[in-house]
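The lines below spell out each chain.
2 protein chains.
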Amino acid sequence: MHTERSKSMDQLMHRKSDVNLQILNPDGTPASGRRFHVDQTSHRFLFGCGAFDSVALMKTQDPEKKAFLAERMNKWLALFNYGTLPFYWGRYEPAEGTTAYPETMAAARWLQENGVRVKGHPLCWHTACAPWLLQYSNEEILRRQLERIRRDVSLYKGVVDMWDVINEVVIMPVFDRYDNAITRICRELGRIRLVKEVFAAAKETNPDATLLINDFNTSVSYEILLEGLLEAGVPVSAIGIQSHQHQGYWGLEKLNNVLERFSRFGLPIHFSENTLVSGEIMPAHIVDLNDWQVDTWPSTLDGEERQAREITEMYSVLFAHPLVEAVTTWDFNDGCWLNAPSGFVYMDNREKPSYYALQKLIHGEWETHNVVNTDENGYITFTGFKGNYTVSDGNASAVFTLDTPVTMKLTLDR
Amino acid sequence: MHTERSKSMDQLMHRKSDVNLQILNPDGTPASGRRFHVDQTSHRFLFGCGAFDSVALMKTQDPEKKAFLAERMNKWLALFNYGTLPFYWGRYEPAEGTTAYPETMAAARWLQENGVRVKGHPLCWHTACAPWLLQYSNEEILRRQLERIRRDVSLYKGVVDMWDVINEVVIMPVFDRYDNAITRICRELGRIRLVKEVFAAAKETNPDATLLINDFNTSVSYEILLEGLLEAGVPVSAIGIQSHQHQGYWGLEKLNNVLERFSRFGLPIHFSENTLVSGEIMPAHIVDLNDWQVDTWPSTLDGEERQAREITEMYSVLFAHPLVEAVTTWDFNDGCWLNAPSGFVYMDNREKPSYYALQKLIHGEWETHNVVNTDENGYITFTGFKGNYTVSDGNASAVFTLDTPVTMKLTLDR
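Protein chains in written order, with the working numbering: chain L, 1 to 414; chain G, 1 to 414.
Bear in mind the hints are in silico, worked out from the structure with no lab data behind them.
Treat the hints loosely; a few may be bogus.
Since copy identity is lost for identical chains, a pair holds within one copy or between any two.
To be verified - Capping the alpha-carbon separation at 25 Å, the derived lysine to aspartate or glutamate pairs in DMTMM-like fashion look like this:
| id | residue 1 | residue 2 |
| --- | --- | --- |
| 1 | K157 | E103 |
| 2 | K254 | D179 |
| 3 | K254 | D176 |
| 4 | K409 | D291 |
| 5 | K254 | D288 |
| 6 | K75 | D413 |
| 7 | K254 | E188 |
| 8 | K254 | D291 |
| 9 | K203 | E325 |
| 10 | K360 | E376 |
| 11 | K196 | D288 |
| 12 | K203 | E305 |
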């Protein structure tokens with residue numbers, strides 16, 4: 001019984017709420033003494049994953065590819081309620097004025113229709129930046145950057161209301177791998193000025209959007225940057241933390257240390273880009289993960305068992321932390337970024353152990369499914385994980401959302 | 001001839017100025033066709049050193065100790081025009097209300113009378129903090145910290161007008177070696193809030209003072225902290241950079257990299273705590289220099305030659321950089337902090353090669369001494385290093401200050 005389990009799971013109380021429901025028949029009389037299934041149909045917590053293949057799915061004309069990607073995305077939808085879509089400027093707008101709007105918007109709408117919340121990633125970043133910006137002066141680059149933000153945040157409003165506004169600011173002005181327009185303007189303006197400007201452009205365009213800053217740097221540098229931004233009044237909705245662990249699982253000590261340090265701001269925390277591989281670990285001496293170029297990076301039996309175990313542990317810690325409100329695994333399938341065995345499914349879409357391990361949490365332990373009997377006045381009372389629910393006796397049904405402790409009347413549809 | 005040398009020293013032009021002097025007799029007639037010695041008597045650039053022994057010199061009643069410290073401080077005065085005095089709260093005020101004011105003020109006055117500019121170090125720091133603060137609530141600690149700043153900045157005004165307002169903020173809230181009052185309040189307020197408060201207290205008490213922030217952390221964390229502080233309007237007069245090189249000389253690459261990165265703010269830069277040792281180098285694996293506890297740390301012949309060479313190179317780079325306006329070597333004599341052979345003199349006050357190497361720069365290469373003849377109207381023209389000057393023919397003399405290019409009349413005293 002779920003209610004019994006929950007007594008030993010106090011560390012998840014913040015994920016749950018009490019509900020006192022009076023179930024009514026369509027004529028307003030209490031549905032008393034009846035047996036109902038109460039089933040959670042979605043989570044308030046954001047269980048996310050990169051959803052880049054939904055764009056490819058929308059775009060492809062090849063029936064075979066379409067079927068393959070549809071199969072993949074169906075497995076995706078069976079796990080997640082939150083997806084990240086690509087807005088890398090250089091790829092989104094390869095020539096000035098020519099954008100990937102049609103397929104990206106189609107993907108965002110398709111995800112939304114399937115109950116998925118969508119985040120756009122990112123609006124400003126030095127990597128994968130548009131090369132055509134380099135012809136302009138810094139002043140013009142900044143103008144175009146802000147214009148781009150206003151354009152896209154406006155165009156996608158109502159479909160994409162969550163944005164990684166700016167990515168990897170700690171390294172941005174000192175990034176020296178290659179010349180790019182964003183490093184140029186960040187060096188001139190300074191980090192805080194640039195972040196201020198890009199957030200202001202996003203905020204004025206969609207005041208209700210969730211606006212994130214995102215970084216792989218989890219050192220004191222990022223903390224200090226956040227202090228400076230908050231002191232400067234930048235409207236950061238949530239702190240994005242990348243956790244690409246190609247070089248091995250952080251482990252509980254680092255994970256708890258990062259959570260403790262970034263909790264100080266009292267802002268929601270999003271683990272925005274998580275990677276745990278099911279193969280060999282990348283050597284520790286690699287500083288920029290992009291320097292690790294391999295033709296193949298096989299998934300191994302041992303590695304798959306390890307990946308599943310680490311995902312279970314890490315997600316459990318994050319789900320238990322009161323400020324974490326989203327966890328996104330970066331790659332859904334193997335062979336994406338860096339060719340790593342970093343997915344929940346193999347390249348051919350077969351599920352890996354990590355898929356089932358996460359399913360067991362999201363749609364098992366952390367999802368509420370009860371069978372309850374109404375009392376003589378039609379009341380049921382229970383504690384469940386926050387999210388959307390259906391109440392049904394197999395014939396009549398009703399839906400409700402559980403968020404804060406609530407007493408409500410629920411009228412059946414028949 | 002100095003004027004010839006200067007042609008090949010263009011990188012020091014910002015340290016010099018042109019002057020066009022008309023030298024007049026007391027009766028107002030031009031001192032024409034006469035031969036004068038023009039001698040620089042002090043530098044505008046701040047060549048500094050820890051001057052803690054001046055406090056001991058003021059305090060001691062022991063004639064032998066007094067003579068020994070006087071000999072040491074005379075050698076100190078022969079090199080430097082800028083001294084750092086200790087204001088570590090725990091030592092300055094060992095019991096609440098009982099301070100080292102008498103001997104500290106006596107030392108500051110004595111230095112000032114000897115033409116030395118004095119900096120107080122530091123007003124707020126987690127290390128060497130007053131243990132009696134720990135009995136108070138965070139609110140009371142902050143109140144006392146600000147009160148302490150107002151008290152001391154006010155008491156010493158006119159004698160000490162330069163302060164390390166706060167020290168080592170990057171590590172301050174995460175410092176975990178021992179519990180202390182300042183880490184407590186920094187953790188609660190955040191770095192930027194605390195810095196804002198302590199600078200505001202210093203600024204309101206002495207609006208014309210030079211107010212520094214100082215750190216040993218020269219990473220991107222300190223850069224980002226400075227960005228945040230400047231964006232928050234904190235009145236930082238100059239950036240203090242520590243460079244304790246017990247683990248080996250930074251070398252030109254790191255030195256230039258640090259200068260380049262911290263120049264971005266356009267603020268003056270003070271190398272506030274420089275150390276180069278003349279003995280064995282501390283192993284690289286030591287993270288907190290204070291962990292290296294040795295009974296003796298001998299100065300070696302090779303080490304002394306190396307120290308002199310490194311001091312020459314490092315001071316030359318810093319003096320050539322347009323934003324650097326002060327360089328302070330931390331220890332004047334060996335056997336101070338960490339027992340290191342870090343001084344310009346041995347423990348027995350004999351000069352080491354580094355003493356003569358620095359003297360050769362400060363009072364040799366970088367000091368202007370000319371012999372010139374006035375023309376028929378009493379004019380002389382030359383380019384000299386910025387600072388104070390005397391003009392003298394061995395009988396009559398006059399003084400002037402060279403700062404910006406200037407044309408002036410100078411009246412002799414006889």
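Hint by hint, here is what the structure shows:
1. K157 <-> E103: within (16 Å within a copy, 68 Å between copies)
2. K254 <-> D179: Between copies, since 22 Å is at most 25 Å while 33 Å is not.
3. K254 <-> D176: Between. Shortest inter-copy distance 16 Å satisfies the 25 Å Cα cut-off; intra-copy 28 Å does not.
4. K409 <-> D291: Neither: 58 Å inside a chain and 67 Å across chains, both beyond 25 Å.
5. K254 <-> D288: Classified as both: same-chain Cα gap 19 Å, cross-chain 21 Å, threshold 25 Å.
6. K75 <-> D413: neither (31 Å within a copy, 96 Å between copies)
7. K254 <-> E188: The answer is between: 22 Å across copies meets 25 Å, while 34 Å in one copy does not.
8. K254 <-> D291: Both ways: K254 and D291 sit 24 Å apart in one copy and 24 Å across, limit 25 Å.
9. K203 <-> E325: The answer is within: 21 Å in one copy meets 25 Å, while 42 Å across copies does not.
10. K360 <-> E376: neither (36 Å within a copy, 100 Å between copies)
11. K196 <-> D288: neither (27 Å within a copy, 35 Å between copies)
12. K203 <-> E305: neither (43 Å within a copy, 60 Å between copies)
The structure shown violates the earlier hints numbered 4, 6, 10, 11 and 12.
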